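2 protein chains.
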Amino acid sequence: MMQTKDALSESPPADLLLHGKVVNVCAGDISESYVGIKDGIVTYVGKKPIPAKNLVKLDSEYILPAYIDGHIHIESSLMIPSQFAATVIPKGTCCVVADPHEIANVRGVEGIRFMMKDSSRTPLRVYFMIPSCVPATHLETSGATIGLKEIEELKKAKKILGLGEVMNFQGVINRDKTVMDKIRACKGMVIDGHAPGLRGEELSAYVSAGIGSDHESVSKDEAREKHSLGMWIMIREGSTAKNLTELAGIVSKGSPERVMLVTDDRHAGDLSTEGHMDHCLRRAVEEGIDPIDAVRMATLKPAQYFGLKNLGSIAPGKRADIVIAKDLKEFKAKTVLIAGKIVAKDGEYLGGLKGLLTDAAVKGTVNLEEVQPEDLRMKCPRKGIKGKEKATARVIGIVEDQVITEELRYGIEVRRGEAQPDPEKDLLKILVAERHKGTGRIGRGFVKGFGLEHGAIASTVAHDSHNVIAVGTNDEDLCRAMNRLREIDGGFAIADGNRILDELPLSIAGLMTSLKASHIARKVKELKETSAQLGCNLRNPFMTLSFLTLPVIPKLKITDYGLVDAEELKVVDLFFE
Amino acid sequence: MMQTKDALSESPPADLLLHGKVVNVCAGDISESYVGIKDGIVTYVGKKPIPAKNLVKLDSEYILPAYIDGHIHIESSLMIPSQFAATVIPKGTCCVVADPHEIANVRGVEGIRFMMKDSSRTPLRVYFMIPSCVPATHLETSGATIGLKEIEELKKAKKILGLGEVMNFQGVINRDKTVMDKIRACKGMVIDGHAPGLRGEELSAYVSAGIGSDHESVSKDEAREKHSLGMWIMIREGSTAKNLTELAGIVSKGSPERVMLVTDDRHAGDLSTEGHMDHCLRRAVEEGIDPIDAVRMATLKPAQYFGLKNLGSIAPGKRADIVIAKDLKEFKAKTVLIAGKIVAKDGEYLGGLKGLLTDAAVKGTVNLEEVQPEDLRMKCPRKGIKGKEKATARVIGIVEDQVITEELRYGIEVRRGEAQPDPEKDLLKILVAERHKGTGRIGRGFVKGFGLEHGAIASTVAHDSHNVIAVGTNDEDLCRAMNRLREIDGGFAIADGNRILDELPLSIAGLMTSLKASHIARKVKELKETSAQLGCNLRNPFMTLSFLTLPVIPKLKITDYGLVDAEELKVVDLFFE
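Line by line, the protein sequences give chains A and B.
Here the numbering used here is used: the first residue of the first sequence is 1, the next is one more, and so on.
Here the numbering used here is used: the first residue of the second sequence is 1001, the next is one more, and so on.
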């Protein structure tokens, strides 16, 4: 038990020895040090060199632990996990905790298994949370259910860390059996929350059920209250929601206690241009957060929260996941090491791709009979004999860049018992066709705000059940666009004059493609331009489309069951009277 | 999924609602708030009152999470766990993580099971680490072995959190199979360290094996280095080692990252007079640590390190383990709640004692044949015919208040082939009799520093194997004292004139008693006074005695195998020549 001299003299040399400004997230300082790596593990950190096969001097550069995103829906990037990984690794990301909520709504456990399998093709460590709310509501038809049986099955997988954001906060507050059973099933694991605006006694009730985190705070007060109740605060800075400016103030200088940075949703284009966690770090520092504290919020802190004991710092015994960067302002990764191997250099992914894409389980998910114009007719109680008559209808009113909508009332023209769209007044048909069970069920309604003057657009990305959603000026183009998605196994499509103008196939569950980020970004831009040529001037028409099916966000939404009053949580008639 | 109004209006009222200055270790602030408790759990924290069966207004008092000691050897208090609990609960402690290293050396798994069982008789949460080094060395005879088989068996117990302080740091550095197998067996659990003075490359090697903490730092530099390598620093302020003054500076203000307060060893008298973690908190604040940060180091931080998810803060879902105190300077607990129930008030333990003491497994541990004066003779190569002759012997030199000793050389008088003690020159006999296996093995030597002028003292508390150790001026009194320990199943005894002057029976494994702290403290004081009457002026003769058997701390020690050179780690001859 005593020290004998030169105990280490015979220990084999390190594989790699780095020297540079080491950002030490444990001690909270930066010091010129050596980092020894052997067999993918950091084995040494210190001021003196040790024997090594390779010595790399990076004296003017920073050596940081690689970044961790604690909450992301990979599907929102439209990329499959392996492609997503190849995109974010060069940005310095070594690990993400994914909630595969979207694919679970389409393909359930099989879909999640695809995500696990495909993500293991690259060196990125992708952990998963079990989606807690599949289906999201009883007002829509999903492709699968994640119940207790599925949770028990998924829990066995090593990459599962716990239960994904428990959106049904009212169910938790009321201690509804269904949701509480799921929480109990995941006891001892991480349980993520999702509680926009929840405060006071209800928030206490939500937290006391065992919910550990929240990423939905939009005000400092809200975040402070959640934080003071013991929740881990995930400050979100993604493509859709950007909360850093508002929430930066909750971070205590010296060591950010129970706070981390996450992206939630991040589009392919933003990932490839702005970046991933490196962008969050940049933004955090812009907002006045101390650089070391910022790094802690994207490394040590998520590792602590998720119990990822061998990640999150450059310290002996931890995995050698390392970013080499020129400064702590841009945080741009010059070199990225994962498990001690160089996996990216100057923005280029070098990590390889193991095995083949095996996507059989998530292909062919658009189970839809060919749609005919007759299927899209909107029968009206008013007959409209001899020319024109009007019926007063509920119309979905778009609020650009927001997920809420308005409920509008318009007089809709009726011809031979059928309500007609009126592009001149921007009153377009909106349809949701069930695509999982082959029921042929189609929800019908009108929408104002897309501005299409002719043609139609359709998509299989429509939260949370991802049925086929389409908006158009006439039944022929609507059919064309929807049927095209049937032919290409899902994606985005634009039709006009009964032909397809443009499309982005998303044949993996109708949600993702194996294309590269830059390709997707270009395509999304083109689709937007094509939509604009048809008269649609929304900044992101397919994203707007994707949220119109969310029956839990006010006010008027649409699912395959028809129009849904999202406040009353019930299907409502299209026409008044 | 939407909020319906008055969701909570029908929820049952809280059992108890406290109002006072809540010390929020999550947010790092203090605010006048209400704390709702139901079924032993905190269900509400907020500014507004909620319906409750009882409302207690504590407006001028602080409401703190109850304290956690992350590293303690309960045996060092000489109290059995239930009695220890009844002593520390009134001091505000709700949880300790115990390393039952001492009893494991005497009774192995059975001994640890006794600790678990007895500790569950009170509301104190006592978690355990598996002692990693039993026996401590091959140079002594222990009562049991904790090997891989025992580790696998113990791991199944719910109260086991991991592997106790891995003292064999050289074995870890050299990746010795025996110690590495134990670490591997506890993978995924907490693995505590013990690495006094270890630095540089050797420290990196130790940490990279998976060691998570250290409580042996005595200098700021040493603690900083360990901290920067990712270790959790346990700042120790116990009865023996007091490191707070030196180490307070490593705590970063704002949130103490990876630092906690522990006691390691704490005597009954100190516990009942100075206190337990309340004393550490008092000392931390005296040393300039922010009071909220100090509280975090005795609540939130140990809970984080040990993964005790439902402890360490006053937040919804956490166990209602609460201290009510008048100030954040003395930290004296006026009232202590555990699981929502009042378990102590004004220093009085009210938590009750469940079940009976079942100590059969840890009784009768002094397996020693009656010792006769002939057994203690020290044969010498020099015959000493016709009167006196001298032989040069190795003599253990006491260094008061330290665990190290010196190796001295003295001429020892030999009569009829036997070396003789010489009380006038303070050259006393020291003996270690094996008491576990009944081998009759007795190690013999001389010691200088006790100062006994007549009589003898003996003890069964002798680290780490806890054989019978005795120091005395003559063989008759040595026999009397040692045989008395045999009669009373272990403890401390003082003999003079062939009768017992004083004793403290420690019949539980020869290490502990079920007496109260105040009783033990009084008795220890009396024993010291009795020793002083015999000429011994050591501040704590039985503690000094207990460390003379530690063969890993320099320089000259003694075990049942005889004198041990603790630097060379081998048994050495008593006489030179």
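Bear in mind the hints are in silico, worked out from the structure with no lab data behind them.
Hints may contain errors.
[Claimed, not checked] Pulled from the structure, derived: some chain B residues nowhere near chain A, Cβ distances all over 12 Å:
(1) Gly1212
(2) Thr1240
(3) Lys1309
[What the hints assert, rightly or not] Here are the computed lysine to aspartate or glutamate pairs in the EDC-like style, where the Cα-Cα straight-line distance is at most 16 Å:
(4) Lys47/A / Asp1290/B
(5) Lys253/A / Asp1176/B
(6) Lys253/A / Asp1029/B
(7) Lys47/A / Glu1201/B
(8) Lys1038/B / Asp29/A
(9) Lys1047/B / Asp221/A
(10) Lys1047/B / Glu201/A
(11) Lys47/A / Glu1287/B
(12) Lys242/A / Glu201/A
(13) Lys1253/B / Glu567/A
(14) Lys48/A / Asp1290/B
These numbers come from a predicted model, not from an experiment.
By construction, the Cβ of each residue, glycine as well, lies at the ideal position given by its N, Cα and C atoms.
Do the hints match the structure? See the list:
no., hint, verdict
1, Gly1212, "violated (8 Å)"
2, Thr1240, "holds (19 Å)"
3, Lys1309, "violated (8 Å)"
4, Lys47/A / Asp1290/B, "violated (31 Å)"
5, Lys253/A / Asp1176/B, "violated (42 Å)"
6, Lys253/A / Asp1029/B, "holds (14 Å)"
7, Lys47/A / Glu1201/B, "holds (10 Å)"
8, Lys1038/B / Asp29/A, "violated (43 Å)"
9, Lys1047/B / Asp221/A, "holds (13 Å)"
10, Lys1047/B / Glu201/A, "holds (10 Å)"
11, Lys47/A / Glu1287/B, "violated (30 Å)"
12, Lys242/A / Glu201/A, "violated (27 Å)"
13, Lys1253/B / Glu567/A, "violated (46 Å)"
14, Lys48/A / Asp1290/B, "violated (35 Å)"
Checked against the numbered hints above, the structure breaks hints 1, 3, 4, 5, 8, 11, 12, 13 and 14 and satisfies the rest.
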